[in-house]
Amino acid sequence: MKSFKQAAAIGLTSLLLSGTAVAQTSTHDGAVLVFAPTYFSAFNPVTALDMVRQVPGFSIDNGEHVRGLADTFANVLVDGERQSTKSESINDILSRIPVENIERVELVREAVPGVDMRGQTRVANIVLREDQSSRSTTALLAGIYWAGADRVTPTGNISTTWDQGNTRFTLAAGLDTNAAPYIRDEWLYDANGNLIESRDERTARDVVSPRLSGSINTDFDNGARLNLSLSANQYLSDTLDTSVVTDAAGDSLRTEIFETDYEDTMWEGTLTYEHPLGENLSGQLVLLNQQSDSSSDEEYLRATASGNRNTTFFNNDVESGERAVRGTLTWEMNDRHSFEFGAESAFNYLENSLLISVAAGSTQPTQLPVSNTRIEEERSELFASHVWRPMDNVTVESGFRFERSTISQTGDAARERSFNYPKPSVTLTWNSGENTQWVFGLEREVGQLSFGAFASSIDPTDDVILIGNPELEPEKTWRAQAQWEHRWNGEGSLSVTLTHEEVEDVRDAQPVTIVTDAGAVPPTTTTFDAPGNIGDGRRTYLQIDTAIPLDDYGLGDSRLNLSAFLRDTEVTDPTTGEKRRFQGNEDWRFSANFRQNLTERSMSWGWSASFLGDEDRYRFDEIYEFGRDPRFDVWVETTAYLGATIRLSWQDLTAQNMERERRFFSDARDVGTLEAIERREQDLGGFVVLQARKTF
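Mapped onto the working numbering, the consecutive letters of the sequence shown carry residue numbers 6 to 701.
For the record, the hints were derived by calculation from the structure and aren't laboratory data. Some clues are possibly wrong.
The calculated EDC-like cross-link candidates involving lysine to aspartate or glutamate, where the alpha carbons are at most 16 Å apart (straight line), are [said to hold, decoys possible]:
(1) LYS428 <-> GLU386
(2) LYS428 <-> GLU480
(3) LYS428 <-> GLU506
Keep in mind it's a predicted model, so treat the numbers as computed, not measured.
Given only the sequences and the hints, what does the whole structure look like? Please build it.
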């Protein structure tokens, strides 16, 4: 925490003293900041992704991976349009747009005509040149050295774009690999702190992920536009986890070996059609079809020093899919008023099959409740929004969405439920000065349900079972937000955002008791954890972000970005009835990023650092506490060779240590006593990346 305060103090001091030349222009009374390609020249950009990453006071958000189309979009647009694909990140899309095809980059700070804000307060808009080059190819090739595994793996991607009349074609292919090891040491103590056993764990991984994608964009003479996108990707992973366990004296107790073969294949197709219906009226239709199939085969061997051996097999197959259609009608009535109306309908499903068998002379299946099941959802939504500019420096965006969904479950659990959710929102933006802006917002949000929570799952390495819960409901949140932003001299910015949330039906783990032998007297029961709704809670956030140009401090063309996040949460624990923070929510985090451009040497360099507070996870008879050391990355980049941008980076320079403490209780935490404490330390060993990017 001391280092966090020191870094924040340095950043704020620099903020008050710094200044630089104006780097962009503005339109719509400061609502849109315009960055010409020359602004990015010092950053050696190859693609649109390189340019957007350097927009001061802006960070790319890929959006949520949720059902339907309403809440999945990133905060980056291309020619004012949302990218409808869900399987590809906005980073992948931007990395296929060469800088030669970009007219400018706009930072849109409030709702303006012709830009689909979708309720977001900040979006970046890539405006393409009308006279784009007829063909361009962008390639990236990289090698990654995994220090902990002493291995090198390749990665890369290539995309090509060409025009034929009014149609633009894009093809792309890529390959990602990962061989990061998990290096862990664990110690198990009794309640009095006496060592019971030690564990030396090493996990070796081989991950290969190929991907293909293509798109067709056509502009018609009547102003209509058609976009068809297709993508497919595969994720293949082989993992070998070896654990050697010794007692307090160092003598061997047992060896545990856990092998996993995992495969996931996904494909997606989206079709977007826009058609002008009048001078100020237009319509849009979006169709989405997505399919995913995954399988996991796991083998867990436990061999004791005395020669006893026991093997458990886990086979999990999951098939899921989504079909969605969204229609929107936009009416730009005048410079002061614009309206949007529309509807969306979606069908989602997930089918889960989990088989557990134990080899002990013979293979006997072991059944978990709700492990073989199918979940389906039919969802529809009506929505309307209105953007009003009552004054030149004030914009009000209001909206209302009404969602109805029916969730049905068959197989090991049979259940059907229907939900109706109104979701109003209003955002007021006030430009109180040329460089200062205030944003106030209030909205009701309904969280997304993960269908995987409706089916049972198991983690053999930690011996944790989560039972599927057919009664799970989404979280409902009222969110109030206030944001202040100030910019100076084109590159400097400071924003402060305060958010408060009142959350209904907080999702967390809750205990469930299941009858395992109804014939016994009394019947035998077992208590498990299950994803559930544990009541109401609250969250309050404070986010501070600043981009500080350091040109006036003898550092040449350089910038320091700082980000600080403070969070306070409260919910009632379902086991103890006491107040505690939300699980998985650290109280604070801080990051710093520095970059200096050495233009005369055709190079640049920089570093980044991140700090995270501790977080907790709760089970009915266990408590997890997680902590992380600071992480540091350094890099250097040059454009002096072969016309390519070559970057060398050492990521996780100090081999960040991740700590976990796990406390076990004899029964539920409200009545049980502390039995044992497990402490674990883990690191990945760091990795070095050498990559080259070039546009042909």
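Structure-based check of each hint:
no. : hint              : in the structure
1   : LYS428 <-> GLU386 : holds (10 Å)
2   : LYS428 <-> GLU480 : holds (13 Å)
3   : LYS428 <-> GLU506 : holds (15 Å)
The structure fails none of the hints (numbered hints given earlier).
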